[in-house]
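**Q** For reference, the chains in residue letters:
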Amino acid sequence: MMIKDKITTAQLAVTIVSVMVGVGILSYPGPVAEEAGVDGWIGIIISGIISLFSSFLIISLGKKFQYQSLVDYGPKLVGRYINIIIMVCFILYFLTFVSMVVRISADATKMFLLDQTPVEVILLGILIMSTYLVVHGINPIARFNESLQPGIIFILIVVLLLTLKDADFGRNLPVLGDGVVPVMKSIPKILFSFLGFELLFFLLPFLMDKGKVKRILSVGIIVVTLFYTFIMVLSISVLGHKEVVILEYPTIALVKNIEVPGTFIERLESIMMFVWIPFSVTTVVIFLYGASLLTSGLLKLEEHRTVSLLLFPIVFLMAVLPENVLQVSYIAEKTSYAGIGLSFGLPLILWSIYGLKKGMKLL
Amino acid sequence: MYNEIVSLLEGQSDVIFLEKDINNNKVIFIYLEGFVELSYIEDKIIPRVASLDEMDRSDSVGSTEAVESIMRGDVIVIRGDAALKMSGGGYEIRSINEPQNEAVVRGPRDGFVESLTTNISLLRRRYLSTDLKIEISTKGERTKTKLAIAYIDGIVDEKVLEKVRKRMDSIKIDGVLDSGIVEQWIEDSWYTPFPQVQYTERPDKVIASLLEGRIAILVNGTPIVLLVPVVLSMLFQSPGDYYERWIVGSSIRFVRYSAALIALILPSLYIALISFHPGLIPTKFAISIAGTRANVPFPSLLEALMMEFTLEMLREAGLQLPKVIGQTVGIVGGLVIGEAAVQAGIVSPMMVIVVALTAVSSFLIPHYNVAISFRLLRFPLMLLAGTVGLLGVILGLLAILAHLLTIKSFGINYFSPIAPYRIKDWMDFVVRGPLPLLQNRPEVLHNYDKKRMDLKQRKKGW
Numbered sequence: 550m551m552i553k554d555k556i557t558t559a560q561l562a563v564t565i566v567s568v569m570v571g572v573g574i575l576s577y578p579g580p581v582a583e584e585a586g587v588d589g590w591i592g593i594i595i596s597g598i599i600s601l602f603s604s605f606l607i608i609s610l611g612k613k614f615q616y617q618s619l620v621d622y623g624p625k626l627v628g629r630y631i632n633i634i635i636m637v638c639f640i641l642y643f644l645t646f647v648s649m650v651v652r653i654s655a656d657a658t659k660m661f662l663l664d665q666t667p668v669e670v671i672l673l674g675i676l677i678m679s680t681y682l683v684v685h686g687i688n689p690i691a692r693f694n695e696s697l698q699p700g701i702i703f704i705l706i707v708v709l710l711l712t713l714k715d716a717d718f719g720r721n722l723p724v725l726g727d728g729v730v731p732v733m734k735s736i737p738k739i740l741f742s743f744l745g746f747e748l749l750f751f752l753l754p755f756l757m758d759k760g761k762v763k764r765i766l767s768v769g770i771i772v773v774t775l776f777y778t779f780i781m782v783l784s785i786s787v788l789g790h791k792e793v794v795i796l797e798y799p800t801i802a803l804v805k806n807i808e809v810p811g812t813f814i815e816r817l818e819s820i821m822m823f824v825w826i827p828f829s830v831t832t833v834v835i836f837l838y839g840a841s842l843l844t845s846g847l848l849k850l851e852e853h854r855t856v857s858l859l860l861f862p863i864v865f866l867m868a869v870l871p872e873n874v875l876q877v878s879y880i881a882e883k884t885s886y887a888g889i890g891l892s893f894g895l896p897l898i899l900w901s902i903y904g905l906k907k908g909m910k911l912l
Numbered sequence: 259m260y261n262e263i264v265s266l267l268e269g270q271s272d273v274i275f276l277e278k279d280i281n282n283n284k285v286i287f288i289y290l291e292g293f294v295e296l297s298y299i300e301d302k303i304i305p306r307v308a309s310l311d312e313m314d315r316s317d318s319v320g321s322t323e324a325v326e327s328i329m330r331g332d333v334i335v336i337r338g339d340a341a342l343k344m345s346g347g348g349y350e351i352r353s354i355n356e357p358q359n360e361a362v363v364r365g366p367r368d369g370f371v372e373s374l375t376t377n378i379s380l381l382r383r384r385y386l387s388t389d390l391k392i393e394i395s396t397k398g399e400r401t402k403t404k405l406a407i408a409y410i411d412g413i414v415d416e417k418v419l420e421k422v423r424k425r426m427d428s429i430k431i432d433g434v435l436d437s438g439i440v441e442q443w444i445e446d447s448w449y450t451p452f453p454q455v456q457y458t459e460r461p462d463k464v465i466a467s468l469l470e471g472r473i474a475i476l477v478n479g480t481p482i483v484l485l486v487p488v489v490l491s492m493l494f495q496s497p498g499d500y501y502e503r504w505i506v507g508s509s510i511r512f513v514r515y516s517a518a519l520i521a522l523i524l525p526s527l528y529i530a531l532i533s534f535h536p537g538l539i540p541t542k543f544a545i546s547i548a549g550t551r552a553n554v555p556f557p558s559l560l561e562a563l564m565m566e567f568t569l570e571m572l573r574e575a576g577l578q579l580p581k582v583i584g585q586t587v588g589i590v591g592g593l594v595i596g597e598a599a600v601q602a603g604i605v606s607p608m609m610v611i612v613v614a615l616t617a618v619s620s621f622l623i624p625h626y627n628v629a630i631s632f633r634l635l636r637f638p639l640m641l642l643a644g645t646v647g648l649l650g651v652i653l654g655l656l657a658i659l660a661h662l663l664t665i666k667s668f669g670i671n672y673f674s675p676i677a678p679y680r681i682k683d684w685m686d687f688v689v690r691g692p693l694p695l696l697q698n699r700p701e702v703l704h705n706y707d708k709k710r711m712d713l714k715q716r717k718k719g720w
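In order, the protein sequences belong to chains A and B.
Here this note's numbering is used: position 267 in the first sequence is 816, and no number is missing along the way.
Here this note's numbering is used: position 221 in the second sequence is 479, and no number is missing along the way.
Extracted from the complex, chain A is given alone in its bound form (with noise of 0.2 Å):
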């Protein structure tokens, strides 16, 4: 495939971040809590770490075949068939991925906002958008994000700090008060929501200026893992740690707390609607232009805004399937573990059939 465009390191990094930072941001520390009590910080610090350790694989990967994409290395290491087999599990995870955010996206939109309208016309809504977007290319989704994203972040973050007038911080003691046990088995679940990386497979060619990914992305990765700490240790402080496990939405509890004296909007999760759609929309849109690129890839195609536009009525009906929030969120825990093995596993797998290969001489 021809590759055009072209994106500015930070631009990639911008939207590595927006995609981790996706629809998850509302619920994850719901059932980290579950798991791991008031140590859930602890928890996402080190899959922090995971995740940064799993996105240098991946580049250092890519580093060894020239910053190519998955798509163009893969049969020179696993050959035609398997790297074929790998491409549709990477279509088929993104094409789930995306119809699950947008069905989220769509359910919490439904609650909060507009309880009369079918869900099938919020979806809709922002599947046009989304596919408007991923219709144009790398280049105006990289600048989508990054006109977008600190902003939206910046508004979060100050919501949130309004709540520190009823945060005891003294609720998130005792540290590893039920030993490591707990915080390990909550990291699956947080590793959830920083599902996003796997893109480098893929995103690495449009790469302008490949020096100075690693350290840029890094910054990127951490402060993504400071972020879901803060909204972390801020739930736990104000709502308690037994009222973050049984909310749907512990991030918006949070900000229904506020009450700021004189303000024209009394209810701020309505901001929080403002901040929230946007990040759908980006987790969306770039997972959607990841289906699109791989199958073009994978049919040799030219261009792939074809394919996204087909593949728009597949999300769509993928999104409209499941008929209520227990099935939505079954799919999505099924589709979170075929990331994590497709993110955190598969660079693993990758590299040690390189090593495999370089020993033998083969490559």
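The hints are all genuine.
Think about it this way: if two alpha-carbon atoms lie no more than 25 Å apart in a straight line, the pair counts; the simulated DSS-like pairs of lysine-lysine are:
id	chain 1	residue 1	chain 2	residue 2
1	B	Lys417	A	Lys555
2	B	Lys666	A	Lys555
3	B	Lys682	A	Lys761
4	A	Lys761	A	Lys612
Hints listed in this document are in silico derivations from the structure and should not be mistaken for laboratory results.
Dock chain B against chain A, hints included.
**A** Only chain B this time, still in chain A's reference frame:
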């Protein structure tokens, strides 16, 4: 020679053939009525012809060229077999006035006129170095309009200049009556509501843009000069920002950005909040709004569309009519219809406030063509707000953002310096920074010479 010219000019009743006897030679002056004054010929040209003993054959022009210069306003003098071209002294043009659409409180008062030569001279008067380059060409298969590209050598980006030249060369059209035709021919994409070319009537603005490394396109017959390339943030700037001190300039700019935002989203936000999310408004306020809306028979979307449409009609009517009557229409329309509509219970007073605020806000954007695009985009946003509430507003705004990111103006990203980041340019984007901090030319334009000023002397203190 004479007969050839006559046959070429057949059917042109306004061509004057003036026969005079000078030094016992028959001399014929050919010129266009209205282009050359008779007194000018008698006072200036005849003495010159009389002073020539023998007309030099080598200065003689061919018949085709003679006819072309007659059409441009020159005088052709024919004595014997030779045709001599002489300047016609220029025809009447509108005098230099202050441009009405771009008035500034502080700054120069001159504006461009309809003559290309005058306009170029207005630029030259302000920029005396020779690195101001002017390239003149003729476009329009039938009108043969003169066009000029102006840029400053050493600052302008050659790649952009090459693009401008290439696109200008491609113009093949029967008539170029205004720079608008050129704009629409050379712009990057025609389906976007956002203008990708800036226009102005102010010479000082053109020089300021040239100094930033941009290119001006002047067209004969119109006072509107085009400036390329342009990014969205430039369209929110007015020359007055730079002549005032920076605190004033910055605060005015802030007001302008807020106004643009209000003009874009206020009606849709109102519709969304009223018809979908009344719970988000403070309870007391929601009750008072509901009270005023109790008698209104229409849903708020219809109400808003009606009022906005009325307002657009009034605005257009005000523009078409002479100034004095235009104001009357504004008063009659705005005050009387608004007040009566509220009393008749067709619209709620809140809606009148919202619509009026939106209208005032859209006047604050200094460039008419951007103001129009913001006004246009308001309507789809209102429809979205009326169908899916706040979600529609958010998605609509995201779509506008996405669209802005796909536009380019002569290869320059339209939405920089926000994306791609050009953090150095933010000093002249978010605020109008103090003069010593505006040392560099805008990075988005890839200038060759980046530095604008040398602060060494200033820093020594006085």
